Amino acid sequence: MTTTEFSSGHISGHISGHIVSVRGLTKAYGGRTVVDHLDLDVAPGEVLGLIGANGAGKTTTVEILQGLRRPDSGVVQVLGLDPLRDADRLRPMIGSQLQDSGLPDRLKVREAIRLFSGPDAVDAEELLERFGLAHRRNYAFGTMSGGERQRLFLVLALLNRPRLVILDELTQGLDPAARREVWSSVTRLRDAGTTVLLVTHELDEAEELCDRVVAMRAGRVLDVGTPAELVARHAAAATVRFGLPAGRPARDFAALHDLSGVVDVVRTGDQVAVVGNRSTIAHVGAWLVGRGPIPADLRVEAPDLEDALLALLEGPTDQKEAA
Amino acid sequence: MTTQTLTRPAEVNATEPARARRHPSAGRRLLTTELRLIGRDPMTLTFVFMFPIVSMLIIGGSFGTEPDEVFPVNPAHWYVASYFSVVIGATGLIMLPVRIATYRERGVLRRFAAAGFPRWSFAVAQMAVGLTAIAVSGAVLLAAAAPVYGVPAVEDPVQVVAGVVIGSVAFVSLGVLLGTLLPSARAAQAVGLMLFFPSFLLGVGGPPPAVMSDVLAEISDKLPLAMVNDVVRQGWLGLGNATGTLAIVGALAVVATALAARRTAL
Chain A
0 MTTTEFSSGH
10 ISGHISGHIV
20 SVRGLTKAYG
30 GRTVVDHLDL
40 DVAPGEVLGL
50 IGANGAGKTT
60 TVEILQGLRR
70 PDSGVVQVLG
80 LDPLRDADRL
90 RPMIGSQLQD
100 SGLPDRLKVR
110 EAIRLFSGPD
120 AVDAEELLER
130 FGLAHRRNYA
140 FGTMSGGERQ
150 RLFLVLALLN
160 RPRLVILDEL
170 TQGLDPAARR
180 EVWSSVTRLR
190 DAGTTVLLVT
200 HELDEAEELC
210 DRVVAMRAGR
220 VLDVGTPAEL
230 VARHAAAATV
240 RFGLPAGRPA
250 RDFAALHDLS
260 GVVDVVRTGD
270 QVAVVGNRST
280 IAHVGAWLVG
290 RGPIPADLRV
300 EAPDLEDALL
310 ALLEGPTDQK
320 EAA
Chain B
0 MTTQTLTRPA
10 EVNATEPARA
20 RRHPSAGRRL
30 LTTELRLIGR
40 DPMTLTFVFM
50 FPIVSMLIIG
60 GSFGTEPDEV
70 FPVNPAHWYV
80 ASYFSVVIGA
90 TGLIMLPVRI
100 ATYRERGVLR
110 RFAAAGFPRW
120 SFAVAQMAVG
130 LTAIAVSGAV
140 LLAAAAPVYG
150 VPAVEDPVQV
160 VAGVVIGSVA
170 FVSLGVLLGT
180 LLPSARAAQA
190 VGLMLFFPSF
200 LLGVGGPPPA
210 VMSDVLAEIS
220 DKLPLAMVND
230 VVRQGWLGLG
240 NATGTLAIVG
250 ALAVVATALA
260 ARRTAL
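In order, the protein sequence lines correspond to chains A and B. Here the first sequence stands for residues 0 to 322, numbered as in numbering that gives the first Met the number 0. Here the second sequence stands for residues 0 to 265, numbered as in numbering that gives the first Met the number 0.
Calculated from the structure, these hints are not laboratory results. This structure is a prediction, so every number in the text was calculated from the model and none was measured. Treat the hints with caution; some may be incorrect.
Going by beta-carbon spacing under 8 angstroms, a handful of chain B positions derived as facing chain A [claimed, not checked]:
1) H22
2) R28
3) L29
4) T32
5) R35
6) L36
7) R105
8) V107
9) R109
10) R110
11) A113
12) A114
Partial list, derived from the structure: chain B residues whose beta carbon lies under 7 angstroms from chain A [to be verified]:
13) R39
14) A134
15) A138
16) A142
Over 12 angstroms on every C-beta distance to chain A, these chain B residues come out as not near it, computed from the model [to be verified]:
17) E33
18) G38
19) T45
20) L108
21) P151
22) E154
23) A186
24) Q188
25) P197
26) A209
27) V210
28) V214
29) G239
30) N240
By construction, the Cβ of each residue, glycine as well, lies at the ideal position given by its N, Cα and C atoms.
Modelling step: build the complete structure from the supplied sequences, incorporating the hints.
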């Protein structure tokens, strides 16, 4: 059962100062726990990403935040309101792009705008222009491409001046060009100071768009931080690879071990891999420049959020999780 | 590029209440939209509008115009009076289940719920959609019958109106309930057709009870759509009082409406 510490008449004066505040949220389906004592805060104006593998409990969490599911236990406050008890007041203040949701195929864009526009709605024409849909206003939803549909969902999510925008698997099934279009739309939201909760398992998306990310596994939070912080904490190793230049004795490369930040040097045939922290990239580069022609096959593998999440997901499970 | 404020203003200005009053409510917007979409739905156009008219025109002309031992009245009029119930059955057993199951399958209902549409707005809109489809299609059916077979005079208007209204509410509610129970649009279509055609053939638009075997006549008597048809047809053609049957249809309407409203709450 959810509880709230605030009176029903109180909307904007959250004690925590957070747009979303969750403590000890738990939800199970048929005995299987999908959200397990989750704590979560979303600050005003930030883009927070929920990342994790399928089944991590991301979508269930945001559905509970919108009052679409009833939690088993925990305290949930969104804009200072209880998502279930205050659903009628809260839902119009949240703009949602839900996973696997649609509109009637024969509903036209302008009709969808009219349907979802509340009394405080912004100028829809302006939004349609901004999201490149003005020329599609007389088209039916069923005739639109995947990218156009997602942009329409963004328009609908923003229509009523939401204080929180929840985007769940925003770019699922989109081609690379359409993904980029949608990403720029979210970037514009961030620039305008809108608070966004982004659920995704596309880690390049999270790295590109999010101020902070929450990594989840089996309904629990593994770590929280900026994408760069997570990478630094969990996937610090960078690798520089290159082939041995012809005529250079292999012993010359023993000096690589002494460079700052280098952890290991692995030689496989005529290929060399230098592993270390991010500063290794610069030191190896400088070393190569100082010793003649730069190898044509020089490659750098810098760690990213995907490496960090994989490291987190492959980490040890605690006793409760293992049970 | 122009910009606009996407967040709520901190304070509501003095003109806000007046503007809010003028703006249609969420429930009204949903109702208007759903009514607009009726005419674009091929399933509705086929089964609720075209099928009853075409089949009525065919079967209404198959048995002549003179009463005999099988038909107590002009057979054409027998079928004209009966086919109004076909519209009711097609709306409740095919159109609404498929429509609502499609919405659920595609996440349209979740979108409505997340957008803050009032809890009962979808149920009310679907009830209104069903009743509107029956009213419009029924009127078109009678307009099509008038120049061909003529529309028989209504002998007992109270019973006919009660039968149409209560029967419509019962089947519209049943349709909404089926739409919320069946897992997919395909399932709704399959189950809807399986329920509709036996009801249609045995209880409304097929052979008259006088030529049915005892077993088929017994089954026909128990079909809800046949009960609605009995009330409407008997009152329309002056074939007798059907108050008992109307009470059963009324009970069905109450139960189905309560269950449908509960299941469709957003």
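To test your reading of the hints: which numbers does this structure violate? Hint check: 14, 15, 16, 17, 18 and 20 fail, others pass.
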